[in-house]
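S.K.: As a plain string of letters, each chain reads:
Number of protein chains: 2
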Amino acid sequence: MREFDLIARIRARVRDGEGVVLGIGDDAAILTIDPGEQWVVSTDTLVSGVHFPLDTRPADVGYKALAVNLSDLAAMGAKPRFATLALSLPSVDSGFVEPLLEALIALGEAHGISLVGGDTTRGPLSLTITAIGSVPAGSALRRDCAQAGDAVYVSGALGDAAAALALRGVAIGADPAEKLARERLAQRLARPTPRVALGQALRGIAHACIDVSDGLTADLSHICVASGLAAVIDPLLLPASRALSTLVPDPDRRLQLQLGGDDYELCFTIAPEHESQLTSVASDQHLPLTRIGTLGPGSGVHLLGADGRLTLCTRGGYQHFA
Amino acid sequence: MREFDLIARIRARVRDGEGVVLGIGDDAAILTIDPGEQWVVSTDTLVSGVHFPLDTRPADVGYKALAVNLSDLAAMGAKPRFATLALSLPSVDSGFVEPLLEALIALGEAHGISLVGGDTTRGPLSLTITAIGSVPAGSALRRDCAQAGDAVYVSGALGDAAAALALRGVAIGADPAEKLARERLAQRLARPTPRVALGQALRGIAHACIDVSDGLTADLSHICVASGLAAVIDPLLLPASRALSTLVPDPDRRLQLQLGGDDYELCFTIAPEHESQLTSVASDQHLPLTRIGTLGPGSGVHLLGADGRLTLCTRGGYQHFA
Numbered sequence: 001m002r003e004f005d006l007i008a009r010i011r012a013r014v015r016d017g018e019g020v021v022l023g024i025g026d027d028a029a030i031l032t033i034d035p036g037e038q039w040v041v042s043t044d045t046l047v048s049g050v051h052f053p054l055d056t057r058p059a060d061v062g063y064k065a066l067a068v069n070l071s072d073l074a075a076m077g078a079k080p081r082f083a084t085l086a087l088s089l090p091s092v093d094s095g096f097v098e099p100l101l102e103a104l105i106a107l108g109e110a111h112g113i114s115l116v117g118g119d120t121t122r123g124p125l126s127l128t129i130t131a132i133g134s135v136p137a138g139s140a141l142r143r144d145c146a147q148a149g150d151a152v153y154v155s156g157a158l159g160d161a162a163a164a165l166a167l168r169g170v171a172i173g174a175d176p177a178e179k180l181a182r183e184r185l186a187q188r189l190a191r192p193t194p195r196v197a198l199g200q201a202l203r204g205i206a207h208a209c210i211d212v213s214d215g216l217t218a219d220l221s222h223i224c225v226a227s228g229l230a231a232v233i234d235p236l237l238l239p240a241s242r243a244l245s246t247l248v249p250d251p252d253r254r255l256q257l258q259l260g261g262d263d264y265e266l267c268f269t270i271a272p273e274h275e276s277q278l279t280s281v282a283s284d285q286h287l288p289l290t291r292i293g294t295l296g297p298g299s300g301v302h303l304l305g306a307d308g309r310l311t312l313c314t315r316g317g318y319q320h321f322a
Numbered sequence: 001m002r003e004f005d006l007i008a009r010i011r012a013r014v015r016d017g018e019g020v021v022l023g024i025g026d027d028a029a030i031l032t033i034d035p036g037e038q039w040v041v042s043t044d045t046l047v048s049g050v051h052f053p054l055d056t057r058p059a060d061v062g063y064k065a066l067a068v069n070l071s072d073l074a075a076m077g078a079k080p081r082f083a084t085l086a087l088s089l090p091s092v093d094s095g096f097v098e099p100l101l102e103a104l105i106a107l108g109e110a111h112g113i114s115l116v117g118g119d120t121t122r123g124p125l126s127l128t129i130t131a132i133g134s135v136p137a138g139s140a141l142r143r144d145c146a147q148a149g150d151a152v153y154v155s156g157a158l159g160d161a162a163a164a165l166a167l168r169g170v171a172i173g174a175d176p177a178e179k180l181a182r183e184r185l186a187q188r189l190a191r192p193t194p195r196v197a198l199g200q201a202l203r204g205i206a207h208a209c210i211d212v213s214d215g216l217t218a219d220l221s222h223i224c225v226a227s228g229l230a231a232v233i234d235p236l237l238l239p240a241s242r243a244l245s246t247l248v249p250d251p252d253r254r255l256q257l258q259l260g261g262d263d264y265e266l267c268f269t270i271a272p273e274h275e276s277q278l279t280s281v282a283s284d285q286h287l288p289l290t291r292i293g294t295l296g297p298g299s300g301v302h303l304l305g306a307d308g309r310l311t312l313c314t315r316g317g318y319q320h321f322a
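As you go down the protein sequences, you meet chains B and F in turn.
Numbering follows this note's numbering, in which position 23 of the first sequence is assigned residue number 23; successive positions increment by one, without gaps.
Numbering follows this note's numbering, in which position 22 of the second sequence is assigned residue number 22; successive positions increment by one, without gaps.
For reference, chain B alone in the conformation it holds in the complex (with noise of 0.2 Å):
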């Protein structure tokens, strides 16, 4: 196959969303919005080996990519509305490049995204996707924003991708509980759901809010250094599943779900008069939303100790060429 087929491949699966005026196929894409709103682009890139193990599976690979900048778009409160995508492939082998379109394309559509472009290119394996949402002007949600004061948030739970990591090679016991419990955790890895409809429900309720992808301490520093506040985090309020429960003991529980990224939940902060409408979201959401600490003045992420001593967290989240 070649690029022009392979493009040609891409173009016919996709259908072009609201907005499109002129989609896959020219130099660029021609895109209209209603005026009112504004435009929220994320960009973000998954490399083989890096992001993902060599082994993974193609349409692994290809849900996985959209659903790390759907994620950052929800973190925003914004609707998702176009992408495209520059896909860097050793070679085209079609038993592998389906697949992995496949798994793109239907997440995109299960969100209303529509690919619009983009570019491919021979090279070692890596998908660079940017996406474009789109919120009411002035109703992003931002890090900077947050609030002394404010409840900090998490939404699902924490710490089952690190410990789908933790756990690849280790060998599966015949317990038929186990099993489940580590299949869960090897979805969470592999298909994150990126938190779009309650970064949406957010708008207007929450204050500031960042995904989860290089654990929740990092990410929650975040909002911290651009808000201008400490958080205080009571570890033993942060929200563990049954799978991480069943398999992992403390204390490499608790590090999951400090420490561990993937999961691309969503961490936000929330005044405490505005608390109470958090329930219809989370049964409107089907997901639990729970309270894991506070905000105030200061600086850093202090973790509440049994003692009631706080401790500044000094271990970030998964770095880069750290």
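Treat the hints with caution; some may be incorrect.
Some chain B residues near chain F, calculated using beta-carbon distances under 10 Å [what the hints assert, rightly or not]:
{"#": "1", "residue": "A29"}
{"#": "2", "residue": "D34"}
{"#": "3", "residue": "G36"}
{"#": "4", "residue": "T43"}
{"#": "5", "residue": "H51"}
{"#": "6", "residue": "F82"}
{"#": "7", "residue": "V116"}
{"#": "8", "residue": "T121"}
{"#": "9", "residue": "C209"}
{"#": "10", "residue": "D211"}
Please keep in mind that the hints were generated in silico from the structure rather than gathered at the bench.
Computed from a prediction, not measured in an experiment: that's the story for all the values here.
No residue lacks a Cβ here, since even glycine has one placed at the ideal position from N, Cα and C.
Given the structure of chain B, go ahead and fit chain F onto it with the hints provided.
M.R.: Positioned in the frame of chain B, the structure of chain F alone reads:
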């Protein structure tokens, strides 16, 4: 240097332009644009060893990665507005990264483009840029709007970049004129000029437009396919620079003019009654615009021979995965 240091360094360099509500540093950028305008989005990747030789100067890598995207916006007639950069590096060597960023940001500022976000990852050297431009609604230059009877034009000169590549490793003689010509060709390869102002000047005049990145006949064939037309090109009319004419004799020169990619000139089509307007455009742009052929019913790109016979052009330009 760690990942966040690198991001902080990029952020410190960048001045947010008009329309940037929130630039680098959050999960995504927030952008705004006037109603009545459409957005034009292009994505291009440069991979080390594929799109540029491994020994390319870092400043040239940074320059060219943005230039090729600006060229795509130019080919749509768009005004550059915003860009995101996904930068993959084997390691963060500031002697490499600094000049790369410097050149990229300087080119962006020269064209009024704001770098609003992106991603930094560890991996083989590659840069993916998504550039966003704007056009008055309905005025973008597309590939599929050429008309039978249109004249085909090309800006500047062709074949320089291909000749520079072909001459790499060939010893330079003592003749100062030859030395100067070699430097001019090398500069065209390393620092192509995206025809941004020309693209905007062609709005409302040209019917279809494309940038010459893969080679004239390959790129013109995209216009023919998209518009359902045939092109007849006179090879003797293809514009050659003095440097190319000095250094490369026929038949190599003829092949480089027809097939050479990487020049980033614009190839466009225009109704004969509008050709007279091109004189002032060429004069304003200080850029020759050369009529090289015509469009008519049929398909394919045909070369006019000295004997008046037509030859269907089947040798394409550069293709990945070929």
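S.K.: With reference to the structure, classify each hint as holding or not holding.
M.R.: Verification of the supplied hints:
no.	hint	verdict
1	A29	holds, 5 Å
2	D34	holds, 8 Å
3	G36	holds, 8 Å
4	T43	holds, 4 Å
5	H51	holds, 7 Å
6	F82	holds, 7 Å
7	V116	holds, 6 Å
8	T121	holds, 5 Å
9	C209	holds, 8 Å
10	D211	holds, 6 Å
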